[in-house]
Structure formats: structure tokens, C-alpha cells
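Protein chains: 2
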Amino acid sequence: MKIIIGVDAGGTKTEAAAYDLDGNLLHTSISGFGNVLIHEERALHHIMEAVDACQSALSKTECVHLYMGIAGYESSLNQQLILQYFKNYYKTKVDIVQDSIIAHAASLKGQDGILTIAGTGSVCFGVHDGLQKMTGGFGHLLGDEGSGYWIAIQALKAMIKEEDRGVAYSSLTRTVLKELGQTSVQDMKDFVYASPKADIARLVPVIVKEAEIGGEKALQILREAGEELAELTWNAYKKLQYKEEEKVAIAIKGSILVNIPFVQEKFTEILRQRIQNVQFITEDISSTAGCYYLAKLKGETPSN
Amino acid sequence: MKIIIGVDAGGTKTEAAAYDLDGNLLHTSISGFGNVLIHEERALHHIMEAVDACQSALSKTECVHLYMGIAGYESSLNQQLILQYFKNYYKTKVDIVQDSIIAHAASLKGQDGILTIAGTGSVCFGVHDGLQKMTGGFGHLLGDEGSGYWIAIQALKAMIKEEDRGVAYSSLTRTVLKELGQTSVQDMKDFVYASPKADIARLVPVIVKEAEIGGEKALQILREAGEELAELTWNAYKKLQYKEEEKVAIAIKGSILVNIPFVQEKFTEILRQRIQNVQFITEDISSTAGCYYLAKLKGETPSN
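Residue numbers (full-length UniProt numbering), protein chains in the order written: chain A, 1 to 304; chain B, 1 to 304.
Okay, chain A solo, but in the shape it has when bound:
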């Protein structure tokens, strides 16, 4: 039997999945991070580990297309080397794209539409009538508006403002400091500069809890996150040249947009106001399914 192997190589884990040519999922394997900007050699090792595990699990199959979405790939200086390496090793058709592209194909089942992702970072990617447009994705120093990292930093900046103004610590500040096991805003500074972005983004549940019990500042930050993500999506929509009456599918992905109602409600509210005919897709589908859809578009027809 001929199979397609799809790979979603991200910042924390790599997922490889084998599909038959009709799109049935046959096997899934998970390994370590696959973002080539974190550590290229280890990322490639993790990717091969996951792919090899898929192949070993399936006897009497032939992988006719290895389709991979790899985080950091678009910024890697070794794109051609990496591609050639996988081609030589697996001796099959190999395609590598940025991970947001396979996530898009998965959420939108290979169809046109926009995908907005808000996890630790944020980015928006859309496809319409052959046009492909990305907005955001400029990382924590220049962008990532509305992401988990961004939300946490907004809260920490609000805490600094209290400290600098010499006013009493608010409930949000006291809660965050307690979470960090610290007593002053000055101590919090060391935490931020010593921690990876994902650890900083882990403050988000505390901020959400604070909003749930009526914390105004926390609520404001989460709503602003929704606004920022709507803006990112709106910019992508405009660049994709949708006609006013045309139907637009907007998929969301990532813990911030999917799991935090304060963010999601603001996001959908703004976009509903601006786009006449919009449909939101919130279903959580493995990005590896996007590899299957994209491989099929590239000619892997069923019924072999």
C-alpha cells in the first residue's frame, strides 16, 4: 500500500502521521521539538525519529510523499541542504513548508480561507484564489500581538506601571507575584530575562482567572488580545482581495484563541462586524492532516 507521511515539527514536539491515499490515518508518532531555529541538528534528529517510527509501525507500505511543516524553516539558511538531506535519506518525494501552511491546510481541509494562530506567538495565514498571504509572525521583539507571550508581557508592564507610579499593588499584580513566588515587581524582572518565552506565556491562566473573578485590567488585556488578533486577520483578509459578499472561512488554532472565551468573543465580534459572510472554524485538527491535503494537491491521487 502507498502512504503519505505528514510531519508537524514545532517548538515543543514533532508529530509524524501516516495516511493512506484516501486520507485515512494509519499511524501517529511523537518525538521532541522540530523547530530548526532552536537547534537544527537535534530538530532534524527528532523529525527522523518520528518518521522512522511511523514507517517501522507499518509493514508492506511505501511512503510516496513525505510532506513536512517545519517551524523556523522559512528563516533557516540551510533550506536546500535540509530538503536534499531528507530526499537522499528517504528516497521519496519530499516537500517542506513553514508549519503555519500545513496548519492552514488542516483546519481548512485544503480549501481557501484564513487561519489565525495564537499560542505562545501569533501569526495569520490565508489562501484565496491562488493568493497566499501571511500577516504577523514577527516574533516577540517586533510582533506576536495577542499571543500568550504578549498577554503575559502586557500584564507585567501594567505591574511595572504601578511600581513606577508608587501606587498600591492591584489584585492582578498580587496574584501574578504570588504565582511567581515573589514579593516585588523588581524581582519579577529577573524571571522575565531568565525564562524562555513559553514559560512567560504560562502566566496566562493566572490572568484569565483574574478576569473571571472580575479583574478589570486582566479583562482589558484579554480583550485587547482579541482585538490584535482580529486586526491581524483583517489585514490578511484585505490582502487576499476577497470580494465584499464572498464567503470567508476563518479557522482558529492555539490555546489563546481556542480556549479563552474573552479573547475569542472579542475576535469573532470584530470580524463579524467587518466581514459580511464569515464562518468560523474552531475544530482542532492535527496539522499533519494538512500535509495529506497538500500532498494530494501535488498529485498523490487516491485509488492506487
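Keep in mind that a hint or two might mislead.
One copy or any two copies: either way a pair holds, since identical chains are not told apart in the list.
Below, simulated DSSO-like cross-link-like pairs (lysine-lysine); rule was C-alpha separation at most 27 angstroms, straight line [to be verified]: (1) K239 / K209; (2) K133 / K243; (3) K157 / K217; (4) K209 / K238; (5) K238 / K161; (6) K91 / K296.
It should be emphasised that the hints constitute simulated quantities derived from the structure, not laboratory data. Since we're looking at a predicted model, the values are computed, not measured.
Position chain B against the provided structure of chain A, taking the given hints into account.
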């Protein structure tokens, strides 16, 4: 003859200066960076290099007080070790403080007042009636508003907004890209993530030039920098509990506040509006002179 040696250990260079007990400058030496957070061992080596050069240059003198302002010292986990190390090695009285404290003493000649610094980063430090207060200084992820790094990032974010909205590149964007030898805003992203903060701050002269020829966005960013620095200073002023009619000396330091009229004018304009009796000090004095003033306050009397 008895001397005091003052040290200003910063992120790019270390300056050591020997003063006699009347405050006359006898000798100055320069060495490499002295910020202990960049690389502690190398920073300490640079500091000793500069101090030793001062001592070697002056025969028949005895250093009675080594007073040092060291960048990053307040965040170092080895404060006591570093202090003891210098005491043992130089066998004299040693004091180490954060570098902004000696800069303050230098600019204000050891008197009460506020010092606002805007170079690559930004921070404000004030002394009044025994109170010492700092505002800002939270670094590039959480603060540094109005600094050179902040100004450059604001310009880069404005460029990203143009890119994300799909509008034609403005004059500012074209000028910055030309400076970076790049053609697209996407390429600029790699520059930011691959460069130290000081290199990013080096875009400021391009932004100033753009404002000088009437670039609205550039002008707006520089004025906002002035506003942010005024806010930092205003917060320090309030925390220092000045009385409304009391005279306040505000000194400025760093290339952004000292050399860019667009920033400085906005800064002084806002503070003049808010503080009745304010005097601005713009004279550029070596921070090592602050070490002399602070050592004197600690008991090194003249006429020995």
C-alpha cells in the same frame, strides 16, 4: 598623596579615573565592557585593567577609596563575592553601586535631584531628602521606553504595519531598509533577531534624519520618546515627594536625550508644564566624577 579612584563600568567600556581629595582629575584609563551581566569574568578583568592602569600612571599615591559604578551589579547574584574580591586585591576601602547612581552623583554634583538617562536603554534615578527612587530600567522586553532601542523598534513596528496592511512602503521604511541593505520588511526581521540591542539602536540616526526632512512618522516616534522619558521622570518626581514650590534639578544623560532636539524639546516641554520650579542640567560630565562626590560623602575629606 591620597587619591580616590572612580570607576564607571558600562556595557561597552570601562572608565577609571583618579582624583585627588580636592576633586582634581589626575588620570583616566579606558578598557573594555564592565557590565557583569554580559560576562562577569571578563567584566571584572576589564575593570581591574582600567584601575591598574590608573595606579601605574601615578607614582607616590595611595588609593584610599575605590568607588565603582558597575552596570548589572544590582542583578548579579555574586554581589558580595565581587565586593570582597576587590577589597582583598586592592586592600583599600571599596564601594560598588549600580552605574546609574554614580551617573546621578556626577551630573548633580552629589546634590539632590533627578537624572534621566536615555542611551540604548532608559532609566531614571532620583535623590531627595534622603529618599532614593528609581523608575524604569526594566530592560528591552519590559521597558526601556524612550531609549534608542525603543525608538528603533517603534520604527520597525511601523514598517511591519505597512507590510501587514499591504500598503506602499513609506519614506521611513525605504530609508531604514536602505540603511540595512535590505529590500523587504521580512528580511528586516532576521536583522533584529540576530543583532545585539546596541546594533538595533544604531538605526536612530536614520530615523532622526528622516524627521529632519519632514518625515511625519519619524517625528512622531521621537516626540513619543520624549513623552515616555518625561513620564518616567514625572513618576520619579512624585515618588521623591517634592513639595510643589520646591526647586527641582533634572539632569539628562545619554545620546537620545542629549543629542536629539526633537526628544529633548518634548521632554522639557512636558516637565516644565508639570513642575513649577524646574532646572535642567544638560552638561556632560564623566560618571567617574560621581564616584568622587560619593566617596567624599562617605568620609574622604580633603586637605590630607
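Going through the hints against the structure:
no. : hint        : result
1   : K239 / K209 : neither (36 angstroms within a copy, 31 angstroms between copies)
2   : K133 / K243 : within (16 angstroms within a copy, 57 angstroms between copies)
3   : K157 / K217 : both (11 angstroms within a copy, 25 angstroms between copies)
4   : K209 / K238 : neither (35 angstroms within a copy, 33 angstroms between copies)
5   : K238 / K161 : between (36 angstroms within a copy, 13 angstroms between copies)
6   : K91 / K296  : within (19 angstroms within a copy, 77 angstroms between copies)
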